[in-house]
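There are 2 protein chains.
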Amino acid sequence: MYTVIEGGVTVAAGFQTASTAAGIKYKNRKDMAMIYSEKPCKAAGTFTTNIVKAAPVKWDQKIVKESEYAQAVVINAGIANACTGAEGMGYCAETAQAASAALNVPESAVLVASTGVIGMQLPMDKLKAGIAAMAPELSGTIESGTEAAKSIMTTDTRKKEVAVQFEIGGKTVTVGGMCKGSGMIHPNMCTMLSFVTTDIAISKELLQEALSADVKDTYNMISVDGDTSTNDTCLVLANGMAGNAEITEKNADYEEFCKALNYVNETLAKKMAGDGEGCTALFEVKVIGAESKAQAVTLSKSIITSSLTKAAIFGHDANWGRILCAMGYSGAQFDPEKVDLFFESAAGSMQIIKDGVALDYSEEQATKILSEPEVTAIADVKMGNASATAWGCDLTFDYVKINADYRS
Amino acid sequence: MYTVIEGGVTVAAGFQTASTAAGIKYKNRKDMAMIYSEKPCKAAGTFTTNIVKAAPVKWDQKIVKESEYAQAVVINAGIANACTGAEGMGYCAETAQAASAALNVPESAVLVASTGVIGMQLPMDKLKAGIAAMAPELSGTIESGTEAAKSIMTTDTRKKEVAVQFEIGGKTVTVGGMCKGSGMIHPNMCTMLSFVTTDIAISKELLQEALSADVKDTYNMISVDGDTSTNDTCLVLANGMAGNAEITEKNADYEEFCKALNYVNETLAKKMAGDGEGCTALFEVKVIGAESKAQAVTLSKSIITSSLTKAAIFGHDANWGRILCAMGYSGAQFDPEKVDLFFESAAGSMQIIKDGVALDYSEEQATKILSEPEVTAIADVKMGNASATAWGCDLTFDYVKINADYRS
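For the protein sequence lines, the chains are A and B, in the order given. Under the working numbering, think of the first position of the first sequence as 1, with each following residue one higher. Under the working numbering, think of the first position of the second sequence as 1001, with each following residue one higher.
Just chain A, with the same shape it has in the complex:
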């Protein structure tokens, strides 16, 4: 079992970060970060399924697939380097060159990630100056990791990081992560930008397998607005410095690692959903009693992406008809006249629907439950034992405000 500890990407042995205000687009704040590992890392990644892929996504897919090792990640906020053609691809190579020179690592070991406005070109002079400024400042402190997590934010209101520790054969293994993501969030394969570092020793194949399996239950189960980004990237770097015997098969150690990775990814995913653009509440939806996992996933994601349901959550309104409606158009088959529905939060829990029809519940009590910063809806379709959990947020005035004029 793992223990949750303080910090993010710098707590695993051998990992350092730096961050700087490069002035790429934001004023008066940091907008670049760098992750560096003292030793070469096995790297795994999952990326957006949007066929409009940003240049850094294409770059990282190549590195993860073809390079034996990765050792650094250069991240910028403000400009996404998406829809930037051949020029944008060239900037990824230039970034890797600059980091390679500054850190004395091969260019093929440098991953890059960008987030921000689509369609603008990166100011490479500022990006290179940022890399030069960060390299001498690399540090493995918790504070340095936290600064990095802040630097990659766009419309995020909170930095997002988490870390856990567990033991393998007497060796302490650490897994930590940070991410950013607030809008254009409807991951499909992975989410916005998420970076996980670990000192575990594990084969590259199993690292990728563990990540690919886990994103299905974590990043792929959140949605802020139904828009799958061009830049979604999740990278995991494992440098082996924990000193455990390298994991090369799916044994008990692998399972322990998967559990820790799941906690880190799920926590980061929920932090993104709970910090969705303009949102006032994390909205969790559990579908239980499903006949298959796929059915439960389809139903729960349909509910968290329903604009009408999300607006009702913002209004603390137990408008369960919209939830049943969203289940009905999801494409999944079920009997609406068997559905039970419950709401719960720190303020209590209550059943709203039994067998598809409303109970004589107290609207006042329901509103009280729905007024908490984290609210859960549980739908039981009574067909089997499969279940799924999805996370989203409410739809608010501020979501519209933020997105009606994001570019200016």
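Don't read these hints as lab results, they were simulated from the structure. Warning: the hint list may mix true and false statements.
What the hints assert, rightly or not - Output of the computed footprint for chain B on chain A, the stretches with three or more beta carbons under 8 Å from beta carbons of chain B: (1) 49–60; (2) 78–86; (3) 220–228; (4) 297–307; (5) 325–333; (6) 356–370; (7) 392–400.
Keep in mind it's a predicted model, so treat the numbers as computed, not measured. Ideal Cβ placement from N, Cα and C applies to all residues, glycine included.
For chain A, the structure is supplied; the task is to place chain B on it using the hints.
Structure of chain B alone, referenced to chain A:
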């Protein structure tokens, strides 16, 4: 060719309407309407594909399928009679009984339609009193039709009606329609409540075929919020009183009718999109140069349902990256680096993207174009000759306001 004329469902020969303030849920306004034909009608219908179907949808599906004729429609606003179990189905039968007695038509010739809050039961005493009050007031005037169109509104801000006339063999044929719909609009098979009346003589089979084909290009191509309602219903009643030789095969007369029906349905569909909850602009999206109609439909619908794109339209912001992004996650295959994108409106037109990359366009001019009440985006994917047009609206503060507390 057809001519657009004044009026709605009462202009075709033999059709009358009445409306009343039955006090079902709204105060101080009409909330019930009735359509009646002097002669029995062939009836066709298309209905929601949501598997959570409101009781009136199930009732009408049975009538359209099994009854030889229909002669009346009873409509109420305020309560949707959805998720109301056996009790709700019983209310449809009671409504038909009451209308049957009041109008001297068979129960099997009475269609019913409801729109409003999901999950509440209808107050049948008020509904029956409404039917009794309306029956003696039936009238074929244009004003009566307009009053009916107003009575069925929920969050709509404008009544929606349209009518056209054309000739078949020296006989004047009229097709008129009215509809309501503003939120929970993402039709799949048909849209919210739409009623089309015509005096054409046509076989029941061809009437249904013409409608089923037409909804694919009209009601199924609009979206306000991505939520497919439990109550979507489109009904067409044809009473044959134009005196034309009954259309029983797909001849030139059938084609003329299809064109007129398409105009009526497309006009009503656009009126719904342009009156989407809280919206300030009708947003039209044309995808051209597609390799298939299906591809063009998928791409255009993905754009009009993108929350981020819709928020940008509200902000008059030419944030084309969101449009390309929405195309990219639609599931349709295309080459992002070949896409051209144009914006146009009454204020002018301009190209924004050429071959996937932004042109050096004037943001000021783009904002001017996007500030009109009707704006169009045209995406050319340069793969073939197929195209599709979809209609939606912008995402605004008022959409959230309306839906955060719709029930109170």
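Evaluation of the provided hints:
Here's how the region 49–60 of chain A fares: 5 of its residues keep a CB closer than 8 Å to some CB of chain B, so the rule of at least three is met and the hint holds. For the region 78–86 of chain A, the proposed coverage by chain B is satisfied: 5 residues have a C-beta within less than 8 Å of a C-beta in that chain, meeting the threshold of three. With a threshold of 8 Å between beta carbons, the proposed coverage of the region 220–228 of chain A by chain B holds, since 4 of its residues qualify and at least three are required. Counting residues of the region 297–307 of chain A whose CB lies closer than 8 Å to any CB of chain B gives 3, so the stated coverage by that chain holds, three being the minimum.
Counting residues of the region 325–333 of chain A whose CB lies closer than 8 Å to any CB of chain B gives 6, so the stated coverage by that chain holds, three being the minimum. Given a C-beta distance limit of less than 8 Å, the hint that chain B covers the region 356–370 of chain A holds, as 3 residues qualify and 3 suffice. Counting residues of the region 392–400 of chain A whose C-beta sits closer than 8 Å to any C-beta of chain B gives 5, which meets the bar of three, so the coverage hint holds.
The structure shown violates none of the earlier numbered hints.
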